[in-house]
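Enquirer: These are the residues of each chain, in order.
2 protein chains.
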Amino acid sequence: MDAIRGDIRSVRYPLTGEFLAGRLREHLDENDLDYIEGLVETVEDHADGTRLLERGDVTNKSTMLIEGYVFRTIESGDRRYIVGVQVPGDFIDLHGFALKRLDHSIVAAGPVKIGSVSHESLRTVMQERPNIARAMWFATLLDASIHRKWIQILEQLDAPKRIAHLYAELHKRLELIGRNVPRALRTPFTQLDLADMCGVSAIHANRAVGKLRDLGVAEIRRGDLYTDDWDRLKRYARFNADYLYGDGALKLDQGWD
Amino acid sequence: MDAIRGDIRSVRYPLTGEFLAGRLREHLDENDLDYIEGLVETVEDHADGTRLLERGDVTNKSTMLIEGYVFRTIESGDRRYIVGVQVPGDFIDLHGFALKRLDHSIVAAGPVKIGSVSHESLRTVMQERPNIARAMWFATLLDASIHRKWIQILEQLDAPKRIAHLYAELHKRLELIGRNVPRALRTPFTQLDLADMCGVSAIHANRAVGKLRDLGVAEIRRGDLYTDDWDRLKRYARFNADYLYGDGALKLDQGWD
DNA sequence: ACATAAAGCTAACATGCGTTAATGGACCTT
DNA sequence: AAGGTCCATTAACGCATGTTAGCTTTATGT
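So the sequences go chain by chain: A and B. Numbering of the first sequence is given in my numbering, commencing with residue 133 and proceeding in unit increments. Numbering of the second sequence is given in my numbering, commencing with residue 133 and proceeding in unit increments.
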């Protein structure tokens, strides 16, 4: 494995590419986005499977995902449990800024590009840029909302619907950062990855993928999902995007600034 | 059902009782705690099952749980999914301060006592009391950490272990706010509540309770759990308290103030 | 082109969990 | 004390999922 091969379309910033701001983008102006851009001190490529952060780590910088996917994982016994996925533009350890140590590990799912911001810089942000600070708090609250949805999904849906919901969520999250996915959503996920996200065995994840194929809902091959009817897939998965707060969920109208 | 009957032991504050600060307590001094106390504008009692907040609500105040338990619920189809539980001292809708609307409902589990803080007051706090603001961010990050653990639990454990883990978690969380539970952990949870928290049917929750009894791990009667060996129960549930950050997890040592 | 490893696929059997139905027990109301 | 309601319990049967094993396909490196 070597460095990233994925294409970065229409690069906006010389250093990090256009998606740095990610989910913050909607809530900040050009000025703030430039300011954040200036905070990034280093940009690195890492290969598939790289363990970027370990549970228990104490950090002095926070990391933003610029390109690729990462898993939030907790290992227990000899198995891995994936408790979250991040897409480009997401901070992946903003909680490491406020919490002493990390409660879970971060592992690259496929090749990734990441940027680092020192906690020292973040402290300055907290003091001097209250609206950016607020947007960062929003970002961690959105993570919590996504966590709650995952809990509901695990309680409510069977394995095929869980997998469909996962792709429906990614489809929407990519759309929210300006990446429209027309027909094929490409990911580096193996069926074992899907299994570890859905809390089922790899064999059963394979059955579930087969069922989605048989039903005509979607074709998943080596992580890439193909469908001509995203609406049908989302209906099948009982997907409702409200929890992603895509419509400017931040409360801006009550004199925050 | 009528108003609260639970005892409030060793009341510290005249208005709200000693546990107002809850999980914030460890990270703030007397001065800050008094300040928070002063923010509480109203205190109310509500009966079991009261829907305190609805998914989709837009709020202008945030609520702290003073006495009792509440569920975070998402309804879908004709079933209810419980995605979280809060104990006394927890803010239950701090995210409603930063997010435009709530992504889930809050329902009283048994009789509760709650206090309200206006968002206007919170905005003042954010500006004038950075260490309190930080503690509140911490509180929401801790919720996210608990959510991740629930995801792992649902992916990893079968129904009996999920129930054991739930009580183990509550046991620890109560300890962290100064309420040591010696032998019996009393809750108002029905077996249907346990089922909705664990993502299983009520019948299967009943089987799981029976298995815990047969194994001698714990006896659960009408929500109250009895055991003479909490360590054994926690081992059975693979409980590890790290994710609750009970040891002062907030990063205080790097010039936050 | 070939060898190898990783990933995907299939089958058979065991177990966890859902569903329906019916019974029993605890608490509340009158 | 009687009746009613909510909750807990048990049994029987079917489906979802785990486990073990072996096989096939695809990607990758030489």
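Warning: the hint list may mix true and false statements.
One copy or two, it doesn't matter: identical chains are merged, so the pair holds either way.
To be verified - Each computed DMTMM-like pair below joins lysine to aspartate or glutamate, with the alpha-carbon atoms no more than 20 Å apart: (1) LYS232 - ASP166; (2) LYS232 - ASP374; (3) LYS343 - ASP210; (4) LYS343 - ASP363; (5) LYS343 - ASP379; (6) LYS232 - ASP379.
Everything labelled a hint here was simulated from the structure, so no lab data went into it.
Enquirer: Which numbered conditions among the earlier hints are violated in the structure presented, ordered from lowest to highest?
Expert: Of the numbered hints given earlier, those the structure breaks are 1, 3, 5, listed in rising order.
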